[in-house]
Every structure is written in C-alpha cells, then in structure tokens.
Amino acid sequence: MSATTAERVADYPPHPGTFVEEGYSLKSWLLTTDHKRIAILYLLAITFFFFLGGAAAVIFRLELMTPQADLVSNETYNKLFTIHGVIMVWFFLIPSIPAVLGNFLVPLMIGARDLAFPKLNLASWYIYMFSAALTIASIVLGGVDTGWTFYTPYSSMFSNSHVMLAVIGIFINGFSSILTGLNFIVTIHRMRAPGLTWSRLPLFIWSMYATSIVFVLATPVLAITLTMVGIERVFHIGIFDPSIGGDPLLFQHLFWFYSHPAVYIMILPAMGVVSELISCFSRRRPFGYSFIALSSVAIAVLGFLVWGHHLFVSGQSMYGGLVFSLLSYLVAIPSAIKVFNWTATLHRGSIAWDTPMLYALGFIGLFTIGGLTGLLLAALGIDVHVHDTYFVIAHFHYIMVGGAVMAYLGGIHYWWPKMSGKLYPEWWGRFSALIIFVGFNLTFFPQFILGYLGMPRRYHEYPPEFQIYHVMSTAGASILAVGYVLPLCYLLWSLKYGKPAGSNPWQATGLEWQTHSPPKTHNFDVTPVVTDEAYTYVEGKEQFVG
Amino acid sequence: MADSGAVLHEQFDDLAQQHSAVTLGMWAFLATEVLFFGGLILSYVVYRHAYPHEFQFASHQLSVKLGTLNTAVLLCSSLSMALAVHAAQFGARKRLVFFLIVTMALGATFLTIKGFEWRTDWVDGFVPGSHFSFVSHTPRVDARKVELFFCLYFVMTGLHGLHMLIGIALLGFLTVHASRGKYSSGNFAPIELTGLYWHFVDIVWIFLFPLLYLIGNHAA
Amino acid sequence: MNPESFRFVPEQASSIAGEVDLLYFCLLGFSAVLILGIGGCILYFAVRYRRKPGEVPTPKPVHGALRLELIWTITPLVIALGLFGWGARIFIQEQTPPPDAMDVYVVGKQWMWKIQHPEGKREINELHLPLGKPVRLILTSMDVIHDFYVPAFRTKKDALPGTYTQEWFTPTKVGKYHFFCSQYCGTEHSKMIGWVYVMEPVRYAEWLASGTPDVPAAEAGAALFHTFACDTCHGQHGPTLAGLYRSNVKLSDGTVVFADDNYLRNSILQPSAQIAAGYTTVMPAYKGILSEEQVIQLIAYIKSLASAKRPESTEVKP
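Protein chains in written order, with the numbering used here: chain A, 1 to 546; chain B, 1 to 220; chain C, 1 to 318.
It cannot be assumed that every hint is accurate.
With a cut-off of at most 27 Å between alpha-carbon atoms, the simulated DSSO-like pairs for lysine-lysine come out as follows [what the hints assert, rightly or not]:
no., chain 1, residue 1, chain 2, residue 2
1, A, 520, A, 496
2, B, 114, B, 65
3, C, 191, C, 121
4, A, 496, A, 422
5, C, 121, C, 176
6, C, 52, C, 114
7, C, 52, A, 499
8, A, 422, C, 173
9, A, 119, B, 182
Restraint ranges, calculated between C-beta atoms of paired labels, are given here [said to hold, decoys possible]:
no., chain 1, residue 1, chain 2, residue 2, range
10, C, 214, A, 482, 57 to 63 Å
11, C, 81, B, 109, 55 to 61 Å
12, B, 34, C, 274, 56 to 62 Å
13, B, 162, A, 47, 35 to 41 Å
14, A, 497, C, 54, 22 to 28 Å
15, B, 34, C, 67, 51 to 57 Å
16, A, 493, C, 74, 28 to 34 Å
17, C, 274, A, 160, 51 to 57 Å
18, C, 44, A, 160, 23 to 29 Å
19, A, 160, C, 96, 54 to 60 Å
20, A, 65, C, 75, 40 to 46 Å
21, C, 7, A, 478, 21 to 27 Å
Pulled a few chain B residues facing chain A out of the computed Cβ check, cut under 8 Å [unchecked claim]:
no., residue
22, 11
23, 17
24, 142
These aren't lab readings, by the way, just hints derived from the structure by calculation.
C-beta: ideal position from N, C-alpha, C; glycine also.
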C-alpha cells in the first residue's frame, strides 16, 4: 500500500518515544488504553494459556502411550482433556490472532491512531483475565470432567465436578470476545485513513472484519445456552434434561450454533495472516485479491448454517442430516478458492524462504489436509463411521493447530520486528518451523488412521491393537513440544540481543511498515493518505504512486 | 456540530467520525443482544411446539390484563424516550430532563407491575425450583412441563427486567448530566444511544408479551 | 511387531461396510491428488522462483484472472455436489431399516450396555447376532447420552435418554467385533465397550437355546399387561392394540401419527400427550413406574399383536 505522508498533518503532535518507552511501571501497563500495549498484555496471557493447555495435552498423550491406565486415573484423564479443550479453545485459539495481532495491527494497518473504543478494549482484556481466573479456579478446586462441549444431561445433571465455575468463566469470556469484535467492526468501518477504500484494505483486515461479525453474532448464543445449563444445574429444571421434559438435542443445536462459527473465528484470522505472508515473501499482490477478501465474508456467513453436521448421529432427522451435509460442502468452496489463489500467487513470484514464509507454506499444506478430511466428514456415509473418533480429532487439529497455530506463529515472527523493534535469529526460526511441521504431522497423521479403525475419542484406555499409532502420536507430540518451546526462547532472547529491525525489514507494503518499529503511541507521525491498492510492489521502490 | 461541548477523543479525527463510530458500536451491540434473546426465544418455540397443552395452560395462569397494561406503559416510555431525544437535538434542556424522568418513571412502573406479577407467581407456587408447588389435576397437563414454561418465563422476563434496570440506571445518569447542562444540540450522542437501547428493550417485550401471555384462546 | 498392528481399515463385517470403504478410498484418492498437486506446486514454485540472496527483484504484478477463478470455483462445486450425493445415498440406506429386520433393544447406562433379544435372552456388554439377517437396534439410555458404535459395521447412533433412536445393519461375516460407547459419558466412558459375536444362524439358534430358558420379551410384556391391569380397558372400551404397531393413528386433535416404537413408548409413559381420536384420557402415566426393560417388554408385546388383524376403528386412517 503506498501512502503520501506529507499531505495531511496529524491533529496531535507526534509522541517522542515508542509505545514501549511511554512508561515502564506496572501501572502504565495495567491502565493503558493503547491498543499496542493491550495486545502485549494479551500476548503474555495467551502464551501462558497455550503452554498450560499444552501441558495437559503432554500428560494425556503420555498416558495414551499404553492401552492400560498407568499414569493418571480415569477421572484425572477426563479432567485433563477437558482442561486442554476449554483452555485451548476459549483462552488461546479464539483470542490468539484477533486479540494479539488484531489488536496490534488493525489500527496500524488502516492508518488510525487507536481502536474506536480504547477503554472498552482494555475492559475486554480485564474481562478475559477475570474469566480466566474463574476457569483456573475451577481447575485448582478439582477440575471439570465434561469435555469442552459440556453436553447435557451429563454436564447439567450428572457431573460432580466444578461445572458451574467453568461455565461462568466461559460465559464471561464471551463478553471479552464480543467487545473485541464490536471494537474491530466499528474501527474498520469508521476509522480508515483517507483514501483507504474497502477494495484497498489489506486482506488481514478483511479477515478480521469477517471474524468480528462472527464474534458479535455467535457468542451471545453460547452465553444464553450456558446460562440455561447453569439454571438447570442449580434449580433442577428440565430445560435440557429429558427425564423431566427437556430436549438434550436442543442444547447441541444451540451449542454448535456458536461453536461451529467459533471454528471460523479461529481459522479466518489465520487465513488473513497467511495472505499477508504469502504476498510479502513473494513480493506481489495476492492473486485474486477480491476473491480472497469476499471468500472470508462468504465463510463467515455460510459458517452459521452448518452447525448440524455435528449432529449426524445424534438422532437428528435424516432430512436435517442431508441439508447440513449439503451446506457443509458449500462452505468448503470459499476455502478452496483461497488455497488456489495463494498457490497461484507463488507462480513466478520472488520467493524468500524466511521463517514466516515457511510457516505460511506449512499452513497451506496442513490446512488443505484439514479441509479435505473435512470433506470426508461431511460425506454422511463416512461420518456415521468416523463421528466421535480420532479421525475427527485429527481433522480439527489439522485446522486448529496445523492451520491457526501455524499462522499465528508465522504472524508473530513476521510482525515481531514491528512489535519489538528487534530481529530474531533467522536460523533458529527456520529450524523450529521445521521441527513444528514434522512434529505436528507425526502427532496427528496417525490419528486419522486410528479414527478410521474405530478408536473413539475421549478414551482413557483402549484395545491394544490401536497402540502402535498412539505411540507414534505421542512421539510426535514430544517433538512438537520442543518445537513450541524454541520460539519462546529465541524470541525472548532477541528482545535483549537481537539486531535492530528498522521500520521495514521485509521490504513489505502495508501502512504498519510505514512507521517506526516499535511504533509510537499514536502510531503515525502524520496520518497517512492512501492513494493505491494494497500490495503494490514495484521494482526498486517500496512506495509507489500510480 | 460547531457549538458543541462534546469531548473529542484523541483516536478520532473529528466529532462527526466519533459520533458515527459510537452509533455503529451501539448497533453492533444490539445485534449481539438480538442473538442473545434469539437463543432463548428459539428454546421457547421448540418447547411450545413439543408441549402445546402445558404451555397454553401455563400461559393462562398469567394475567393478560397486567401484561397488556405493562405493554402500554412500555410503549409510552418509548414515546417519551423519543421525545427526550428530540428535545436533546434541539438543546431544550428542561424538556430533555422532563422526558428523561418520565421515561424512567414509566420504566419503574413497568418493573413494579412486573414485580407484583412475579409475587403472585411466587404465592401461587409457580416459581420453578424447590418452591414450585403446582400439582396438575388433569392428566393432559404435566406439572414438570408447566414448570418448564415458568422457567423460560422467568428467564425471559428476568433478563428483560435486568435490561430495564440497566436502562433506568443509564437514564438516571443522563438525567443528572442533563440537568447540569452537559448536553447540547451538538452533543447528545449519549442520549441518542441510550434511546436506541431503550427502544430495543421495548421491542424485546413486544416479542415476549404475545409469546408468553397470548398463546391459545383465552376465552376458552 | 505384529503386522496386525498396522491395519488401515477395520474388518468389513456388514453389508454397508464395503460401500463406506469404497467412498472413503475414492475420497482419499481425490484428496491425495489435490494434496500432491497443491503441495507439489508450492514446492516447485518455492524452489523455482526462490529469491537469490542479496537482490530484491519485483516480479510482474498479477491481478488475478476471472476465468481461472471461475474454473476453480465451479469445478470444486460440482465435485462437492457429487460427493454429497454419494455420501447421502449411503446415509439414506443406513437410516432406513428394512421392515423385516430383527429388533434388538439396547439400553445404555453409566457404564454398561444392557441388551434384550426378542426371544428373551438378555446380555450385558455382549451382543450375539445371526449371520446375514438384518438387525435393527432400538437404543435408549437410562442416564446421559451414550452412543453404540460398531466399527466393523461402520455404523453408530447416539442412545438418548427419554426416547428411542435406531440403527441397523446386516452382519456379513462370522467373527468377534468390538463395540464402543463413542459419546463421552463420564468417568468410565472407556470401559463401556463390548463384543459383537456374529454367528452362523444354526449356532445362533443353539446360543439362544442355551442356558436357562428365557421368557420371550413379548410374553413377559403380556404378563406385565395383565399385572398392571392394562387389559381391563385395552380391548374392552379402550383403544385396541392389535395391529396398532406401524399403523397410522388419528389423534383427538385431528393430526395423524405413525405408531412407531417412540409413539408406543410415549403413549405408555405419558398417554395424555397424544390421545387417539374418540377416546378420553383415562389411562394414568407410567413414567417413573415402569423400568426401561418393562417398557421394552410391553412394546414387544404390542408388536406381537401387530400380526393380528386390526379391526375397523376410527383410529385407522385408510
């Protein structure tokens, strides 16, 4: 994106220092309304939760090395996978890209000084932390054993664990999501720099916009559903309990009306990040810009219409199954369009094998596998067999971990010089990207086979014939764990010892690269004016008018 | 909007941008609210379809008179809220304060009437949970499903009441500021936004009233 | 290492298993072509167009090509619709049991499966079946949601409390196969597993006859029918039950319902909800009085009356 910076003088005098230099006291961080500082607060919190959720996974993967129960009891096992799911879904994946990268970058990329509602932004962080505290409390007090899906009547009438606390935690967490989404929608609609029309927006902004719509429209349904579970648990009224007139399938419909779109909350931002990376590291405008942009919106809309594919074997009517299967196939099309366009962007590009690009290329491969196995699951005849087996586990980990986490890490590496002002050691970056790719595939590919063989999910013990694939998976998980610890180490190292990054180390377009690294408090010395489409790369120049 | 006393927050370029941003924010928030109540109304519709007799029976235990009265009260409050916004647009301070107080009073009236209804439900043993004491005398009506109706009834009207309370608190806050002359014809966004919220809460009731009170034939 | 450990597909032991596997392998093949195609392109482009160190050339800008976009939008769409149709065809088959299927009742509870054969035999965590005969499992649960899953038959269905669901299959291979609970149901979820034994019909008949003689479910139901004094009304001034099963019943509110297992179940447990036209509610609700097993036996009894000719009555829709 090119910008002429002289045309318009900012209404506020430029801040002298970077946003980090604004203050070093704890108070200056905890009471900040600067979107960049709030992004850092989120970064710290979700990094903690990523490793906490990962630790739970390491323990139960070790348990699954053998068919018998030897490391943990069945109750502990059930609590571990519940904690893993709850934390990874609500406290890592959903806020990861939007709350960290989105918060940091949305105003920078559209040439704004901050989000539309900075105080609300800080409030969302506090709401997130409060909900996290409640969820941690439910773990410390003894844990929850319902699975992250909280299916009734188990969660409402039968579980003896701390369901209420966890449910309240997730309920409150929802408000954090809603406020973040609301803030982004308003910011993107109302605060774009002069000349930055919708057709000139970076694709990351398009994806954040689509994500925000899902935040605002899906999250309240989860809130009311969990409220009803809570009421049922406390007052023993059969809202979902069939023994007194309720319908447990209603819970599943309501839950998945949120939780399926939530999958798109996780993957849409990842697609946005990857579009940025592919463009920057092949030095060209993404092939089919408008198709990538509009397919994000199409995914957000269609994503609301496919929840019933989680209920193919639940006793939902056969016609319901048919309709939801058809719609599930339709939602695959916009994803396919994106993959084809990314691949076409590489053709005759100038491709740099920097760390973020390795993550982006890994993302395309793994996301494609995840998406294609989604087609297998949408095929009704196959789903009846593999529903609730490891096939499903493998499928959604290819989307969430192979997709969302890879893109998140790629994005963190790409914008790290902008956020910290420092370069990380490139060799270590490439090395750990490779480790993660190998470890990931070794962990989750065997699970496809396990699933088709019939291994049900959430099993503490299993028949011995499944063991070989479990051993492979656990071996992969240990490699993956190393791969995730490495970036934590060298990125922290780079804060002190890394070389200064300069304002635009990747020679990228985009307004975020047209300001200091790290940016100053109000982002730009003068408000940029945009005069051209996004991703205009031109020989010998970073900026170009024409 | 030249003569306004509005504070321009530094992330915005000008007051027009700020105003359009906060208005859009409010609409986005209301979209969230629609889906929040939407989930409840969907649940209601599912169970109404599953247990038509019990829902009709339970609905008949509610007072249509009080419900209608409350609907009228709430519609009047919407009118006075609209008049308050209108007054604010013209910078008519006294009129603004007057209509804000009228709106609050009507809101409080609604909650008082609702409170009486709830009290009657409590006395009659229709409050779900351990206190629920309704015993069916006809095999067509299963008491547990009557309880289910009342559970939905209390959640729906309770959440609506909570929204009313928040609305009244907001109006109180606005009234204090308005009487101190904080708003002007160029600076009345808080009044306008609270107005949007208030109308939304009214509309929710317009849906709840027929769903809860008017099902089946009351003459029968 | 035992080569058995490296299986990729479970045994095919039902009439539908081959079809599911065929679709699965076709989709895998399709996926492999796409993965290799896309992955191959990515690797080839990444190597072929790799930026030389030290230079920052800018390639010719591209702005997409509408024709290409249309091709890769419409082609996947057509393929997707085809795949949908194929998957749906198998699904419809899986959802439609043949009328002559043998009914076996399966009740899940934390954490075991109780199974009742029509001949009266009861089993726990084991299911014996004759080869080659279509079997319809009628599932319910006494507490939370469970799911009866037989990988070798490629089929599963949730067992919900308070209602019946069904799944069916025709075993085609003698052997011993796992069944699992595949819907998470609490602490000992992974212990809620068992074995399906598919036997030659002769052996199956021997198995049925073995052990202590069992009272067939329908006879047990007939006894209950008498014990609970159902026969004082039904067959006298109450609606007759002969031929009721799988008939269309006209209700007092004018609607017509199909009298399947769930209708019978609901009419026993909560008769007032659906009253046959021409009758009033006299029958008490048996919810909380009858156990799931007793309801099953009563339904088996009512079904056994189905073969008897149903007399003309207002309930029968022509």
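### Message
Just to be careful: measuring from the Cβ of residue 142(B) to every Cβ in chain A, is the smallest value less than 8 Å?
### Response
7 Å, holds
### Task
Please test the hint of 23 to 29 Å on the beta carbon pair from residue 44(C) and residue 160(A).
57 Å, violated
### Message
Just to be sure I understand the hint, the distance between the Cβ atoms of residue 214(C) and residue 482(A) should be within 57 to 63 Å; is that true here?
### Response
Given about 59 Å between the Cβ atoms, the range holds.
### Pair hint residue 114(B) and residue 65(B), alpha-carbon separation not exceeding 27 Å
12 Å, holds
### Query
Holds or violated: residue 422(A) with residue 173(C), Cα cutoff 27 Å?
It is violated: about 66 Å lies between the C-alpha atoms, which goes past 27 Å.
### Task
Can you let me know if the beta-carbon spacing of residue 81(C) and residue 109(B) is within 55 to 61 Å?
Once the Cβ atoms are compared, 58 Å apart, the range 55 to 61 Å for residue 109(B) and residue 81(C) holds.
### Message
Hint validation: residue 17(B) versus chain A, beta carbon distance must be below 8 Å. Holds or violated?
### Response
6 Å, holds
### Message
Taking 35 to 41 Å as the stated bounds, is the beta-carbon spacing between residue 162(B) and residue 47(A) within them?
### Response
Check passed, 36 Å falls within 35 to 41 Å.
### Message
Would the hint linking residue 119(A) and residue 182(B) be met if the CA-CA limit is 27 Å?
### Response
21 Å, holds
### Message
Using the nearest Cβ pair, does residue 11(B) come within less than 8 Å of chain A?
### Response
4 Å, holds
### Query
Taking the beta carbons of residue 497(A) and residue 54(C), is their distance inside 22 to 28 Å?
Holds, since residue 497(A) and residue 54(C) (Cβ atoms, about 25 Å apart) stay within the stated range.
### Message
Within 28 to 34 Å: is that where the Cβ-Cβ distance between residue 493(A) and residue 74(C) falls?
### Response
50 Å, violated
When held up to the earlier numbered hints, the structure conflicts with 6, 8, 12, 15, 16, 17, 18, 19 and fits the remainder.
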